[in-house]
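Visitor: With the sequences and hints as input, model every part of the structure.
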Amino acid sequence: FSLRFEGPDYLDGAFTSPRAESRARAIRLGQEAVEVASRLGVPHVNLWMAYDGFDYPFQVDYERLWTDEVEGFRQVAAHDPAIRVSVEYKPVDPRRTALIRGMGESLLAARDVGRANFGVQLDFCHCLMAREQPALAAALALREGRLFGVHLNDGYGVADDGLLVGSVHLWQTLELLATLRRYDYQGTIYFDTFPVREDPAGESAANVARVRALEGILDRLDPDHLANLQARHDALGVQALLGEATWGSQ
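Per the working numbering, residue 58 is the first one in the sequence shown, and the count goes up by one each step.
If you're looking for bench data, these hints aren't it; they were derived computationally from the structure.
Don't take every hint at face value.
Computed spacing ranges between beta-carbons, pair by pair [to be verified]:
no., residue 1, residue 2, range
1, 76, 291, 53 to 59 angstroms
2, 277, 188, 28 to 34 angstroms
3, 121, 277, 51 to 57 angstroms
Backbone N, C-alpha and C fix where the C-beta goes; we use that ideal spot for every residue, glycine too.
Guide: See the structure below:
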């Protein structure tokens with residue numbers, strides 16, 4: 058399940074609202090999502106905290122904001138330890154500055170929540186917006202055992218474009234998939250693309266085809282050879298290896 062907190066009650070924040078009643082309502086909504094997930098056999102609830110942030114300098118007490126956010130996460134995750142709960146970070150939009158704006162804040166929140174069933178959802182476009190390298194962000198979360206979900210999409214890095222998978226950042230998408238494979242990632246993967254003008258079914262099929270094609274490249278990539286090149290920081294060697302796996306010998 059992907060849960061959003063929208064409407065006038067949450068414009069000033071959900072878990073970080075200045076109003077105790079709004080915070081309590083948001084937490085209860087998260088707990089209800091966990092209950093429904095349990096009944097339906099869904100193992101994972103993802104939280105996007107759209108309005109938990111601020112717009113102006115001096116607008117909020119940062120420590121108070123962080124404490125309220127972590128407590129909200131903790132109460133939702135504690136509601137059923139069998140259900141994984143993740144936070145999906147995004148640096149801006151709709152708030153000018155989100156509280157959980159990157160992988161660093163997400164992993165810090167997971168540490169502070171202190172529950173094994175609380176982790177992070179990585180969205181490829183959101184990584185680009187945060188000026189992150191998606192594979193690096195994934196590796197850090199996987200190292201901590203906290204990567205619970207992945208949204209595959211693409212964009213130009215300024216906004217949440219939601220374009221076809223691998224349509225702009227093909228190599229970064231391939232590197233992300235390689236990282237997931239290296240760590241034997243078993244979490245959720247799904248497409249978060251926006252077929253505004255394209256046929257939705259056709260776009261979904263194109264996403265599947267692109268991921269299968271990229272997985273085929275990874276099948277042809279010698280992991281030991283790659284590891285040796287990476288150990289030497291051999292950029293040209295890596296590019297040659299990628300080219301051979303993608304297009305064949307040149």
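Visitor: A separate judgement is required for each hint: does it hold in the structure or not?
Guide: Quick rundown of the hints versus the structure:
Checked against the hint of 53 to 59 angstroms, the pair residue 76 and residue 291 passes, with Cβ atoms roughly 56 angstroms apart. At about 31 angstroms, the beta-carbon gap between residue 277 and residue 188 stays in the expected band of 28 to 34 angstroms. Our hint of 51 to 57 angstroms for residue 121 and residue 277 holds, since their Cβ atoms are close to 52 angstroms apart.
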